[in-house]
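Student: Sequence:
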Amino acid sequence: MNYKIKNNDRKYNHIIILSLFVLLIIIFIFSFCLGRFYIPIKELYNTIINHFIHKEIVNQTLDKIIFNIRLPRIIIAIMVGTSLSVAGCVYQGIFQNPMASPDILGASNGAAFGAALAILFHLSNTGITILAFVMSFISVIIVYIIGDRSPGRRVVNLILSGIMIGSIFTSLTSYIKLVLDPSNELPAITYWLMGSLQASSMNEVKFIIIPIASSLLILFLIRYRLNLLSLGDEEAKSLGINVNLMRLVTILLATLLSAASVSVSGMIGFVGLVIPHLARKIVGNNYIHLLPTSMILGGAFLLLIDNVSRNLMETEIPIGILTSLIGAPFFLYLIFRKEGRECSM
Numbered sequence: 456m457n458y459k460i461k462n463n464d465r466k467y468n469h470i471i472i473l474s475l476f477v478l479l480i481i482i483f484i485f486s487f488c489l490g491r492f493y494i495p496i497k498e499l500y501n502t503i504i505n506h507f508i509h510k511e512i513v514n515q516t517l518d519k520i521i522f523n524i525r526l527p528r529i530i531i532a533i534m535v536g537t538s539l540s541v542a543g544c545v546y547q548g549i550f551q552n553p554m555a556s557p558d559i560l561g562a563s564n565g566a567a568f569g570a571a572l573a574i575l576f577h578l579s580n581t582g583i584t585i586l587a588f589v590m591s592f593i594s595v596i597i598v599y600i601i602g603d604r605s606p607g608r609r610v611v612n613l614i615l616s617g618i619m620i621g622s623i624f625t626s627l628t629s630y631i632k633l634v635l636d637p638s639n640e641l642p643a644i645t646y647w648l649m650g651s652l653q654a655s656s657m658n659e660v661k662f663i664i665i666p667i668a669s670s671l672l673i674l675f676l677i678r679y680r681l682n683l684l685s686l687g688d689e690e691a692k693s694l695g696i697n698v699n700l701m702r703l704v705t706i707l708l709a710t711l712l713s714a715a716s717v718s719v720s721g722m723i724g725f726v727g728l729v730i731p732h733l734a735r736k737i738v739g740n741n742y743i744h745l746l747p748t749s750m751i752l753g754g755a756f757l758l759l760i761d762n763v764s765r766n767l768m769e770t771e772i773p774i775g776i777l778t779s780l781i782g783a784p785f786f787l788y789l790i791f792r793k794e795g796r797e798c799s800m
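With our numbering, the residue at position 274 of the sequence shown is 729, and numbering never jumps.
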């Protein structure tokens with residue numbers, strides 16, 4: 456199966472990307488207003504002006520809500536949505552598989568095991584984040600080593616290795632859940648596995664901003680080469696691409712995005728699967744436009760869903776539940792809709 460590079464009109468794509476960016480800015484601004492404590496736009500503006508321009512805090516409650524509670528959560532929602540959608544977009548091109556997603560190499564499963572292990576040893580939220588990140592990356596390294604040394608097609612080996620290693624980590628997580636304290640520790644890991652941004656803080660922003668920003672920047676700069684990888688190994692080699700090195704670099708970068716995201720948000724499904732498909736419907740398969748579209752669309756989508764999760768009901772709904780409820784039907788729609796498909800098998 457190969458992705459056909461489908462180019463829509465360049466001017467049209469630029470307008471689409473700009474429009475999506477404006478939409479993201481609008482959602483970003485109104486996200487500060489929404490919540491149990493509603494903040495009018497005028498008060499939001501005055502608080503920001505006082506905080507940054509006049510260097511004074513007129514209303515401590517508003518200042519704390521905006522900068523200590525909502526700002527970290529909004530930033531993390533955008534970064535996680537952007538990272539998961541870009542990782543899914545990259546995986547789908549590298550593996551030439553429209554079903555590829557950020558957990559295809561076991562990154563999410565490894566992170567879940569790391570989080571469960573951290574909760575078992577009563578580590579802090581920072582410890583949970585760090586151990587989830589480390590185990591996520593270790594799982595992908597194991598998968599890559601097995602897939603690289605196995606006979607046969609490397610892409611297929613990587614996918615199969617990811618499924619197997621992911622299953623092992625899932626089993627280990629299940630065992631830890633079995634021995635956890637059912638009154639305190641088990642609910643904590645169960646809630647983490649549902650995916651949530653409730654505990655977002657500036658410490659988590661500082662922890663993930665460097666790996667996410669650097670990975671996104673590199674992938675953005677080499678996005679034209681992703682077009683060549685998506686054509687298949689033989690065609691990419693004939694065009695002078697070092698396929699093995701390029702695949703290794705892109706897998707590591709996409710995995711870094713997945714690991715950093717999952718470590719702070721828990722298990723959030725379907726974002727890395729559905730958003731790249733939606734982006735392809737809008738701008739085509741050319742990574743020159745596909746990657747920035749996936750970035751902006753993923754960030755806007757997860758930020759919007761997070762606003763729904765914390766405002767829809769009295770108690771906050773784990774964001775992973777909402778992304779699955781919305782993503783699964785939408786993905787079924789994409790599967791059954793025949794017109795406009797960009798991939799051929």
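Since the hints were derived computationally from the structure, they do not count as laboratory data.
Heads up, the beta-carbon is just placed ideally off N, CA and C, and yes, glycines get one too.
Please note that the accuracy of each hint is not assured.
[Unchecked claim] With a straight-line cut-off of 20 Å between C-alpha atoms, the simulated EDC-like cross-links for lysine to aspartate or glutamate are:
#, residue 1, residue 2
1, K497, E511
2, K692, D636
3, K497, D518
4, K736, E769
5, K736, D518
6, K510, E498
[As the list claims (entries may be wrong)] Label-pair restraints from in silico Cβ distances:
#, residue 1, residue 2, range
7, Q653, M619, 54 to 60 Å
8, L780, G687, 24 to 30 Å
9, N766, T581, 25 to 31 Å
10, L703, L780, 19 to 25 Å
11, N514, M619, 32 to 38 Å
12, N523, D603, 44 to 50 Å
13, L780, K661, 45 to 51 Å
14, N505, M619, 38 to 44 Å
15, I623, Y788, 53 to 59 Å
16, Q653, H506, 44 to 50 Å
Student: Which of the stated hints cannot be reconciled with the structure, identified by number in ascending sequence?
Tutor: 2, 4, 5, 7, 8, 10, 11, 13, 14, 15, 16
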